[in-house]
Amino acid sequence: MLFRTAVDIESALRGVLEIKGNEVDVVDAGKLRETCIDRLVYNAVFHENEEFRYFLQWLIREAAAKQVIYPTSFQGLQEAAVLGAIPAFTIPVLSLHALSYDAARACFRAARDTGAGAFSFGYNDEIVGYGYQPPVEYATCILGAALREGYQRAVFLQCDHIRVGRASYRVSRDDEIDRLKERIEEAVTAGIFNIDIDTSSLADFSLPSVAEQQQPSSQECAGLVAFIREIEPEELSVDIGAEIRAMRDGNLTADEFRAFMEGFYDQLSIPGGKKDLSKLIVLLGGAKDEADVDLELLRDIGEIARREYGLGLAVRSGVMPIPETLFPRFPENNISELHLAAPFEDLIFDHEAFAPELKNTVYRWIDCEWPGQRQPGMNDEDFYRATRKRALLPFKQALWDMPGELRDRIMADVQGQAVSYFDTLKARNTTGLVRDTVDIERVGLPTPVSGYTRTAETTFKTLLDRMGGTRPITVGPL
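The sequence shown begins at 364 in the working numbering and counts up by one.
Everything labelled a hint here was simulated from the structure, so no lab data went into it.
Treat the hints with caution; some may be incorrect.
[To be verified] Straight-line alpha carbon distances no greater than 27 Å define the calculated DSSO-like cross-link-like pairs of lysine-lysine that follow:
#  : residue 1 : residue 2
1  : K394      : K383
2  : K429      : K722
3  : K394      : K824
4  : K722      : K752
5  : K383      : K429
6  : K544      : K638
7  : K429      : K394
8  : K722      : K759
9  : K637      : K544
10 : K544      : K752
11 : K383      : K759
Construct the entire structure; sequences and hints are all you get.
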């Protein structure tokens, strides 16, 4: 699967893609889907040459654009939903960090079968902390999957939890905020145009008034929103969400919500005509069953968000997954978006087709490397479920190299799970709503060039020369 020589690369691209200057032409879309894109994505993730990986990530993104596959923002759809101009549904945010490419293909097939268009692929910023998957690699897997499945529509990529570290913030506020800005800029540069900010750890409940408690969180959130508006592409408005923390039992009150929002607007400074927030996000932590989720409270908070601030309301799960039996009731209770953090990862690792030798190796590695993560009284199943995300980096290629027949069996169930989410959250048959509310435009993103004089074509020639070959290298019609 890995490219070893220039001749190898040329042979794969001949009659499929042409590179001229900074432009990519798709010569044969069918051949690209059937015989080429799998290998391009694999090399964009695993090739040992970093510059070549970066080049392939750009190549895949440009090929996707030529097939009218554009990463874009939910902004218009969120606004229409808040106004009540479209039927109620809840956007599922699908996190696909295990077997990202195969899982995204399964989700695109599910979207094709159900007519779903209002869904996004969530990129959890926590993954960066494990050194696992930079945003551009995740975007490459998703866009490559869209190419492979012939999905010619808007693609929504979402950075669903850019979080302030409270301890790091206390050590150096400026360093921590600069770190978040770097994360945000990296995401936007990769084509992730839906970003959720979590400054909620800064809420200080030792202070006497609700306004004072929420002020540190709302102030830093306002600054980060202004930063996003500075760096976003001119062609679109990034869809921005902000997470709010509540006191004690985790149930956000109307007073806390309003205090956060008033503090946010007091501090916000952005150019006229620019958007601010699209939605507020609340954490549903420790929800073991339906009784633990106060839908009436969520509905009331969602109504305040919509009526008083023109915002949607999103929820995300904590350590415990939100009971799926509640999903059909979310659209009618003002929940515009649901962040599904780990169900696909759990489905993949727990699947009967997951290679048992590989699973045993993963779990032995966890036992050796992360024994301190086992809490008192935690059984093996819960321990491995909580810890195996740390194995995604060292075992990434091993997962991708599982026999195709095993991966196909797993992905059939991933596809079925995605269909279930689209149905229960009423996202089925939403492609028309997306088409009517979202401006799908190609947004210019960086090309892999060094300096100001080298084109992508020249860069590619240089890379091919370095990879070796016995004849002159030509780029263009191969």
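Status of each hint after checking the structure:
1. K394 / K383: holds, 20 Å
2. K429 / K722: violated, 39 Å
3. K394 / K824: This hinted pair holds, its Cα atoms lying about 23 Å apart.
4. K722 / K752: Holds, at roughly 13 Å.
5. K383 / K429: Holds: K383 and K429 sit about 14 Å apart, inside 27 Å.
6. K544 / K638: holds, 18 Å
7. K429 / K394: Measuring from Cα to Cα gives roughly 15 Å; hence the hint holds.
8. K722 / K759: holds, 12 Å
9. K637 / K544: holds, 19 Å
10. K544 / K752: Given that 27 Å is the threshold and the Cα spacing comes to 25 Å, the pair holds.
11. K383 / K759: violated, 33 Å
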